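Asker: Please put together the full structure from these sequences, using the hints given.
The first sequence: position 153 = 153 (this note's numbering), numbered continuously.
Treat the hints as calculated values from the structure; they're not laboratory data. Check the hints yourself; a few may be wrong.
Simulated pairs of lysine-lysine, DSBU-like, Cα-Cα distance not exceeding 35 Å [claimed, not checked]:
#: 1; residue 1: Lys155; residue 2: Lys145
#: 2; residue 1: Lys221; residue 2: Lys110
#: 3; residue 1: Lys260; residue 2: Lys381
#: 4; residue 1: Lys257; residue 2: Lys186
#: 5; residue 1: Lys386; residue 2: Lys400
#: 6; residue 1: Lys260; residue 2: Lys317
#: 7; residue 1: Lys308; residue 2: Lys336
#: 8; residue 1: Lys186; residue 2: Lys118
#: 9; residue 1: Lys145; residue 2: Lys118
#: 10; residue 1: Lys186; residue 2: Lys260
#: 11; residue 1: Lys175; residue 2: Lys317
#: 12; residue 1: Lys308; residue 2: Lys221
#: 13; residue 1: Lys99; residue 2: Lys221
#: 14; residue 1: Lys409; residue 2: Lys369
For clarity, every value in this text was computed on a predicted model and none was experimentally measured.
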Amino acid sequence: MHIRTRFAPSPTGFMHVGNLRTALYEFLTARHENGTFVLRIEDTDQERYVEGATDVIYNTLKIAGITHDEGPDVGGEYGPYVQSERKDMYKPYAEQLVKEGKAYYCFCTKERLDEIRKNAPEGTVVGYDRHCRNLSAEEVEANLKAGIPYVIRQKMPVEGESTYHDLVYGDITIKNDELDDQILIKADGFPTYNFANVIDDHSMGITHVVRGSEYLSSTPKYNALYEAFGWDIPTYIHLPLINGKSVDENGNVTVSKLSKRHGSTGFMDLINEGFLPQAIINYIALLGWCPAGEYENREIFSMDELIKAFDINGISKSPSVFDYDKLEWMNGEYIKLMGSDEFLSNAKPFYDELGIKEDMYALLEEILKPRITRFTQITEKLSFLKAYEQFDLSLFEHKKSKSTIESSKAILGDVIPLLSECNWDRETITDVITGYAAQKEYKNALVMWPVRIAAAGVAVTPGGCAEVLLLLGKDESMRRLNEAYSRLG
RNA sequence: GGCCCCAUGGUCAAGCGGUUAAGACGGCGCCCUCUCAAGGCGCAAUCACGAGUUCGAUUCUCGUUGGGGUCACCA
1 MHIRTRFAPS
11 PTGFMHVGNL
21 RTALYEFLTA
31 RHENGTFVLR
41 IEDTDQERYV
51 EGATDVIYNT
61 LKIAGITHDE
71 GPDVGGEYGP
81 YVQSERKDMY
91 KPYAEQLVKE
101 GKAYYCFCTK
111 ERLDEIRKNA
121 PEGTVVGYDR
131 HCRNLSAEEV
141 EANLKAGIPY
151 VIRQKMPVEG
161 ESTYHDLVYG
171 DITIKNDELD
181 DQILIKADGF
191 PTYNFANVID
201 DHSMGITHVV
211 RGSEYLSSTP
221 KYNALYEAFG
231 WDIPTYIHLP
241 LINGKSVDEN
251 GNVTVSKLSK
261 RHGSTGFMDL
271 INEGFLPQAI
281 INYIALLGWC
291 PAGEYENREI
301 FSMDELIKAF
311 DINGISKSPS
321 VFDYDKLEWM
331 NGEYIKLMGS
341 DEFLSNAKPF
351 YDELGIKEDM
361 YALLEEILKP
371 RITRFTQITE
381 KLSFLKAYEQ
391 FDLSLFEHKK
401 SKSTIESSKA
411 ILGDVIPLLS
421 ECNWDRETIT
431 DVITGYAAQK
441 EYKNALVMWP
451 VRIAAAGVAV
461 TPGGCAEVLL
471 LLGKDESMRR
481 LNEAYSRLG
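Answerer: This is the structure in C-alpha cells:
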C-alpha cells in the first residue's frame, strides 16, 4: 500500500509547536513507508486571513526540514491544494447526499437554534432537534422557491453505536444518538471544515489521517460521511496533546494545553530565542513517541534517522509536557556536534556585534562550544571583553586557589613584567605563568586566579586565564592588569 | 454537565503476567580542574487508589479519584 498523509494547516501566520509536531509525524508516517506527504492549505476562513501567512508555513516546513511532495507551491496530481480554490466542488457532494436521502435542507434560523439551547435543562448541551429532517418534498420545494436561506445537514444514524479503530488509541465506540445532524454546507454556500476535510482527504487519496487527539471524539462524524458516500475510511492515527506546565496564583503547579504563558510556543519564536531547527524537531519528535529496537535509548536523531526509526507503535497515548530544560540540553548537544564552519556561521552575528576579529574564531569556538546551549548566549559570555568595571576587589579572594588580596597583589606585581615581555600566544603565556609558579613553588591556581580576575574583572569566564588574555589582546590585557594592580594598593 | 480519552520518578519515558521497574533531562554528590562549563563516576526519586482475575499483577477486568479533550452555520 502506498501511504499518503497530509498536513492541512490554516494560514494564521503562526506555527504552534503542537502543529509542527503533527506535521512532523504526518511526514514521518509517510516517509518511513516511502509514501507521499501532501501539504494542503485550509484557508476557507477569510476572516482569519493574514497577509503572508502561507509563507510562514512554507518557511517553517523548509527550515524544519519537513519537505512535502505535493502542495500549492510544488503542484501534484491531486490539486488544487489550496482549499479556497476548491470551494466549488463541495456543494455538489452535499446535494448528492440530499438526492440519496442521506442529507436534507434545513431552514431553521439561527434564532430558533439559539432558542433550543436556551430552553435546554440546566447544565445540559443539546444538539439540533432535527426539526427539518422530515419536511415533505413540497415544503422543501416551497421554501427553496421562496428563497429562504438554508444549510444542508447530514442525517445521522439515531440508534445503535459506532466503533472505529485508531492505530494509537485502539477501538473507540460511541452511541449514535450522540451524533448531531451535522451541517455540511453553510448558509453562505461554503462547506463546513469537517465536510471539506473529508471531501479533500478522500479526493486527494489520503490513506492515513494523522492529527491531534482533540479529533478523537469527532471522528465518528467523519466516518458517517465516508459511509454515506461509500468511501473507504482512512487509517486513523491520533496523537496525544502537548501540554505546558505553569504555576497558578496559589502556587499550585498546573498542566494545561501548551500556550503562551508557558513560554514560546511558536516555532519562529523558539528560533528567535536561539533554538536550532534540528534540535526543535528532534525534541518534539520525542514528545509522544519513543524509539525502539536498535534506536532504543537514543536521544539525538537526524531527520534521516527519524525517518528510519519512526514507528507508529511507539506513539504514546498520554499527553506530554513540553520541557524547555530538555530542549535546552538538546540544543547544546547539537552545538557540540557542529563542525567549525557551521559553528562559525551561527556565531558570526554575535561576534560581529562585539567586533571580534577573525583570528579569534578558532579559540572562541573551542571555549564557547562546551559552554553555550544557545548561540544567543555568546553576547553575555563574552561581555567581559567590552566591559571592564571597577569590580569588587574581593573577587581576588578565592579559597580553593588559596588566593587572597595580598597574594594577588604580590603575584600580579611579579607577573605583569614577565607578561609584558612575552609573546602573545597561548603556549608562551601558559609557560610564563606556570614557569613562574614552579619557580616560586606556587600552585598554578594561585597564580592564574588573580591574573584571570584582573584581566576579566568578573568571576566567571569562558576559558581560563591564558584564553582570557588572548581574547583581550596584549595591549588591553596589560592595561587591565596594571589597573587592577594599582587598585590593589 | 453528557460523551470520549489518558494515568510509571519533577519532566520525557521503556515495560506489553514473574525484572534488583531501563534510559534521558533536571536535581544532588564525587572526580577532573585557574573560574564556569564540558567530560567521567555515583546517588536520590515512579508504578494514583480500591476491588477482582491469577500460583503471581506496574502489566488483564471493573470501580474510584485525578487530568485532558470534545460537545458551533470556527477551523
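Asker: Hints first: check each against the structure and report whether it holds.
Answerer: Each hint tested on the structure:
1. Lys155 <-> Lys145: holds, 23 Å
2. Lys221 <-> Lys110: holds, 22 Å
3. Lys260 <-> Lys381: Holds. Lys260 to Lys381 sits at ~28 Å (cutoff 35 Å).
4. Lys257 <-> Lys186: holds, 30 Å
5. Lys386 <-> Lys400: holds, 28 Å
6. Lys260 <-> Lys317: It holds: about 24 Å lies between the C-alpha atoms, which stays within 35 Å.
7. Lys308 <-> Lys336: holds, 24 Å
8. Lys186 <-> Lys118: holds, 22 Å
9. Lys145 <-> Lys118: holds, 31 Å
10. Lys186 <-> Lys260: Since the Cα atoms of Lys186 and Lys260 sit roughly 33 Å apart, the hinted pair holds (cutoff 35 Å).
11. Lys175 <-> Lys317: Distance ~22 Å between Lys175 and Lys317 Cα, so the pair holds.
12. Lys308 <-> Lys221: With a Cα-Cα distance of about 34 Å, the restraint between Lys308 and Lys221 holds, given a limit of 35 Å.
13. Lys99 <-> Lys221: Distance ~20 Å between Lys99 and Lys221 Cα, so the pair holds.
14. Lys409 <-> Lys369: holds, 33 Å
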